[in-house]
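Peer 1: Sequence lines, in order, name chains A and B. With the first letter of the first sequence counted as 1, position 153 gets the number 153 in our numbering; the numbers rise by one all the way through. So our numbering is basically just the index in the second sequence, starting at one, shifted up by 1000.
Calculated from the structure, these hints are not laboratory results. Certain hints may be false.
To be verified - Among the chain A residues that face chain B by a calculated CB cut under 10 Å, a handful are:
#1 38
#2 164
#3 309
What the hints assert, rightly or not - Simulated pairs of lysine-lysine, DSSO-like, Cα-Cα distance not exceeding 27 Å:
#4 B:1149 to B:1002
#5 B:1024 to A:199
#6 A:240 to A:162
#7 B:1024 to A:309
#8 B:1249 to A:291
#9 B:1105 to A:133
#10 B:1021 to B:1249
#11 B:1234 to A:235
#12 A:201 to B:1105
#13 B:1239 to A:291
#14 B:1049 to A:240
#15 A:235 to A:324
#16 B:1024 to B:1220
#17 A:216 to B:1149
#18 B:1049 to A:199
#19 B:1049 to B:1149
#20 A:235 to A:216
#21 A:133 to A:240
#22 B:1234 to A:291
#23 A:199 to A:216
#24 A:201 to A:88
#25 A:235 to A:133
#26 A:321 to B:1021
#27 A:201 to A:255
#28 A:162 to B:1220
#29 B:1239 to A:324
What the hints assert, rightly or not - Computed Cβ-Cβ distance ranges for the label pairs, DEER-style:
#30 B:1150 to A:136: 51 to 57 Å
#31 B:1248 to A:149: 36 to 42 Å
#32 B:1066 to A:197: 39 to 45 Å
#33 B:1192 to A:254: 43 to 49 Å
#34 B:1159 to A:254: 36 to 42 Å
#35 B:1021 to A:292: 21 to 27 Å
#36 B:1150 to A:137: 38 to 44 Å
#37 B:1051 to A:239: 52 to 58 Å
#38 A:43 to B:1136: 36 to 42 Å
#39 B:1192 to A:11: 31 to 37 Å
Ideal Cβ placement from N, Cα and C applies to all residues, glycine included.
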Amino acid sequence: MKRLNFSEEPRDIWVVAETHAGKLAPLTLELTYGARTMADLMGFYVKVALSGSDVTDLASQLFPVGADRVYVADDPRLAEFAVEPWLKVLSDLFVSQPPEFAMLGATSIGDALAPRLAQRFGAGLISRCVMLKVDDFERAFVGRRAAFGGEYYEVLTTAGAKSHFATVLPDTFGAPYPDASRYGEIESIAVNLDGVVAKIKTIGPVDYALPAPKLKNARRIVSVGRQVGDIDAAKSLATKLGAELAGAREAIDEKYIDESHVVGVTGERVSADLYVALGIRGDTMHTYGMKGARYVVAVHPDPDAPILKQADAAIVGDPAKVAKELIELLN
Amino acid sequence: MKIVVCIKQLLDPRGITVNRKAEKVFVIREEYVLDPASKAALEVAEQIKANAAAIEIIALSVGPARVDEALREALARGADRAIWIRSDSNPDPKVITNLLAAAIKQLGPIDLVLCGDRSLDTGSGEIAARLAEALDWPQILRAAKAEVKGRVLAAIVQHSGFVAVETPLPAVVSIIAEAFSGQHANGGRLMDAYKKWQVETWTTEDLSLSEDDLRTSTIKKEDAFPPARQPGTKVRNAKDLVVMLKQEKIIA
């Protein structure tokens, strides 16, 4: 592990910039703005590391959103993202300018670089944050990350580490408020890529199908739970609606569905236009899988069943009876 | 050729419920399962083994005694050797990586390391890239499948499709959970995994790591909860529901 040499208090928040098709990525502008907000609270500078080919002209766009200084590594060899050269450039930069705080986008680029930089420098790292702030008492990052796909969050801190890294998902800080009167400095950095080769070769797009994503692509789903009452009524409703029959995990025990038709944390996450939940109580492990559905109808005999509160349309009643009535009405 | 598969065990999501109002995660049944992404990684290792001769698959897992069960499942899912790296503290991704990397180095020349991409619970997806750093190998992240033909060929998720990439060996490849076929472990092998085969135990002392290597840099503080969802509309009966669905243009 390399040692970062903090000769003086660094007092910086860094942002690692990304560009797409000759433009700064919107997430980079958002992160710079987020860094500005944190820096103002802490009395820090905002520094941006901008790598790529023909990117020097983009640097000034970072000042209105909060950058104080932009370090530009402009080199044709950095035109396309590749782990090894980018890592070398950032690593060299961070050895000469040790970052106390650094943010990257939670993108394929950030996901590839941040763990490597953190491992290299022994930094704390909070990945895939949906909320991030600087804890001014601990002088560390505190960030929230989704657990079980967003059912709750885990709050992590980099307290105790010497440098603090995070990767951040879009919309964490919100759209930046540019201040056109802000200005900063641009410093171009020497790119030394001696002996560095990109080791991953991209061959091109490939046709590949994931195993059995049947439910995932279904437009309509009739989903059953233990309280469905009459499984045949649910099956007829599914046929009537042209829907796939699925269920909560408990429906396997009742032999209503098989393993491949479970919706939830331990099954599929669906994105149907219509999701009809018949006799499913709606614990979080199930509702996690149905969250992607556009319109959720829930029928359950128990008025306190949690699913009724999460549905777009909720009926307290006998699921089988409602299913039969629906078939009648749709005929 | 030797393939190492790093596997993760996690709390069975079927045994927990999240109560946003009470701001608490209730553990109803404390059971642990093999992460689906780890199952996917084991499956890829097995496929590679099926297409080539003389491949040894070694499963590694860091954790307390309970990971024994995950490692036996790995044996049932095709691993030839299973090694438990004993850790009773609460390691973060940095420490887990240092333990795994030290074990991989100790195992001698390894050609390929596979791991799950993001775990089902709070998957940060850091381990593969951190391992690549610790071993100074190339990394392929978010692969749905991987083959070995003198080098690694993989299909990785990019935008909404897949892109083929290749890299020389040795390399680290992370496999997405969605690639898992859902197959159960072989019953016969599962019996053998418990009755005939052994899980080896390595401790941190076996791995000659410094105190610094074992010091965590990121710690969990607490759980936080999003606000409870807004309830939708209460509907009296099927007739009103049909009217609503037609209004929303969900049915014609």
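Peer 1: Hint by hint, say whether it matches the structure.
Peer 2: Consistency of the hints with the structure:
1. A least Cβ separation of about 18 Å between residue 38 (chain A) and chain B goes past the 10 Å threshold, and the interface hint is therefore violated.
2. Checking residue 164 (chain A) against chain B by beta carbon gives a least distance of about 9 Å; that is within 10 Å, so the hint holds.
3. The interface hint given for residue 309 (chain A) holds, since its Cβ lies 4 Å from the closest Cβ of chain B, which is under the 10 Å cut-off.
4. Restraint check for residue 1149 (chain B) and residue 1002 (chain B): satisfied, since their Cα atoms lie roughly 14 Å apart, inside the 27 Å limit.
5. Proposed proximity of residue 1024 (chain B) and residue 199 (chain A) is contradicted: the alpha carbons are some 45 Å apart, above 27 Å.
6. Simply put, residue 240 (chain A) and residue 162 (chain A) have alpha-carbon atoms about 62 Å apart, too far for the 27 Å limit, and the pair is violated.
7. Using a Cα cut-off of 27 Å, the hinted pair residue 1024 (chain B) and residue 309 (chain A) holds, with the two alpha carbons roughly 19 Å apart.
8. As the CA atoms of residue 1249 (chain B) and residue 291 (chain A) are separated by approximately 20 Å, the hinted pair is consistent with the 27 Å bound.
9. At most 27 Å may separate the alpha-carbon atoms for a hinted pair to count; residue 1105 (chain B) and residue 133 (chain A) exceed this at roughly 37 Å.
10. Restraint check for residue 1021 (chain B) and residue 1249 (chain B): not satisfied, since their Cα atoms lie roughly 33 Å apart, outside the 27 Å limit.
11. The suggested pairing of residue 1234 (chain B) with residue 235 (chain A) holds, with an alpha-carbon distance near 24 Å, which does not exceed 27 Å.
12. Distance check on the hinted pair: residue 201 (chain A) and residue 1105 (chain B) sit about 26 Å apart at the alpha-carbon level, within 27 Å; holds.
13. For the hint pairing residue 1239 (chain B) with residue 291 (chain A), the CA-to-CA distance comes to about 25 Å; that is within 27 Å, so the pair holds.
14. Between residue 1049 (chain B) and residue 240 (chain A), the direct Cα distance comes to roughly 46 Å. Violation of the 27 Å bound is thereby established for this hinted pair.
15. Taking the CA atoms of residue 235 (chain A) and residue 324 (chain A), the gap is about 10 Å. The hint holds against a cut of 27 Å.
16. Annotation: proposed proximity of residue 1024 (chain B) to residue 1220 (chain B) holds, straight-line Cα distance about 15 Å (limit 27 Å).
17. Note on residue 216 (chain A) and residue 1149 (chain B): the hinted pairing is violated, with a Cα-Cα distance of about 33 Å set against a maximum of 27 Å.
18. Between residue 1049 (chain B) and residue 199 (chain A), the direct Cα distance comes to roughly 24 Å. Compliance with the 27 Å bound is thereby established for this hinted pair.
19. Taking the CA atoms of residue 1049 (chain B) and residue 1149 (chain B), the gap is near 12 Å; set against the 27 Å cutoff, the hint holds.
20. Straight-line distance between C-alpha atoms of residue 235 (chain A) and residue 216 (chain A) comes to about 19 Å, which keeps the hinted pair within the 27 Å bound.
21. With a CA separation close to 51 Å, the supplied pair residue 133 (chain A) and residue 240 (chain A) exceeds the 27 Å bound.
22. For a cut-off of 27 Å, the pair hint linking residue 1234 (chain B) to residue 291 (chain A) stands: about 19 Å separates their Cα positions.
23. Note on residue 199 (chain A) and residue 216 (chain A): the hinted pairing is violated, with a Cα-Cα distance of about 34 Å set against a maximum of 27 Å.
24. With a C-alpha separation of about 18 Å, the suggested pairing of residue 201 (chain A) with residue 88 (chain A) holds against the 27 Å cut-off.
25. Distance check on the hinted pair: residue 235 (chain A) and residue 133 (chain A) sit about 50 Å apart at the alpha-carbon level, beyond 27 Å; violated.
26. The suggested pairing of residue 321 (chain A) with residue 1021 (chain B) is violated, with an alpha-carbon distance near 32 Å, which exceeds 27 Å.
27. Note on residue 201 (chain A) and residue 255 (chain A): the hinted pairing is violated, with a Cα-Cα distance of about 48 Å set against a maximum of 27 Å.
28. Between the alpha carbons of residue 162 (chain A) and residue 1220 (chain B) the distance comes to roughly 17 Å, so the proposed pair stays at or under 27 Å and holds.
29. A hinted pair counts as satisfied when its Cα atoms are at most 27 Å apart, and residue 1239 (chain B) with residue 324 (chain A) qualifies at roughly 11 Å.
30. For the pair residue 1150 (chain B) and residue 136 (chain A), the beta carbons lie near 53 Å from each other, so the given range of 51 to 57 Å is met.
31. In this structure, residue 1248 (chain B) and residue 149 (chain A) break the distance hint of 36 to 42 Å, their C-beta atoms being roughly 26 Å apart.
32. The supplied range of 39 to 45 Å is met by residue 1066 (chain B) and residue 197 (chain A), whose beta-carbon atoms lie about 42 Å from each other.
33. At about 33 Å, the beta-carbon gap between residue 1192 (chain B) and residue 254 (chain A) misses the expected band of 43 to 49 Å.
34. The hinted window of 36 to 42 Å between residue 1159 (chain B) and residue 254 (chain A) holds, with their beta carbons roughly 40 Å apart.
35. Distance hint for residue 1021 (chain B) and residue 292 (chain A): a CB-CB separation of about 23 Å, consistent with the stated range 21 to 27 Å.
36. For the hinted restraint 38 to 44 Å between residue 1150 (chain B) and residue 137 (chain A), the CB-CB distance of approximately 54 Å leaves it violated.
37. Range check, residue 1051 (chain B) to residue 239 (chain A): Cβ separation about 42 Å, and the 52 to 58 Å hint is violated.
38. Roughly 38 Å separates the CB atoms of residue 43 (chain A) and residue 1136 (chain B), a value that falls within the hinted 36 to 42 Å.
39. As the Cβ distance of residue 1192 (chain B) to residue 11 (chain A) is approximately 60 Å, the hint placing it in 31 to 37 Å is violated.
When held up to the earlier numbered hints, the structure conflicts with 1, 5, 6, 9, 10, 14, 17, 21, 23, 25, 26, 27, 31, 33, 36, 37, 39 and fits the remainder.
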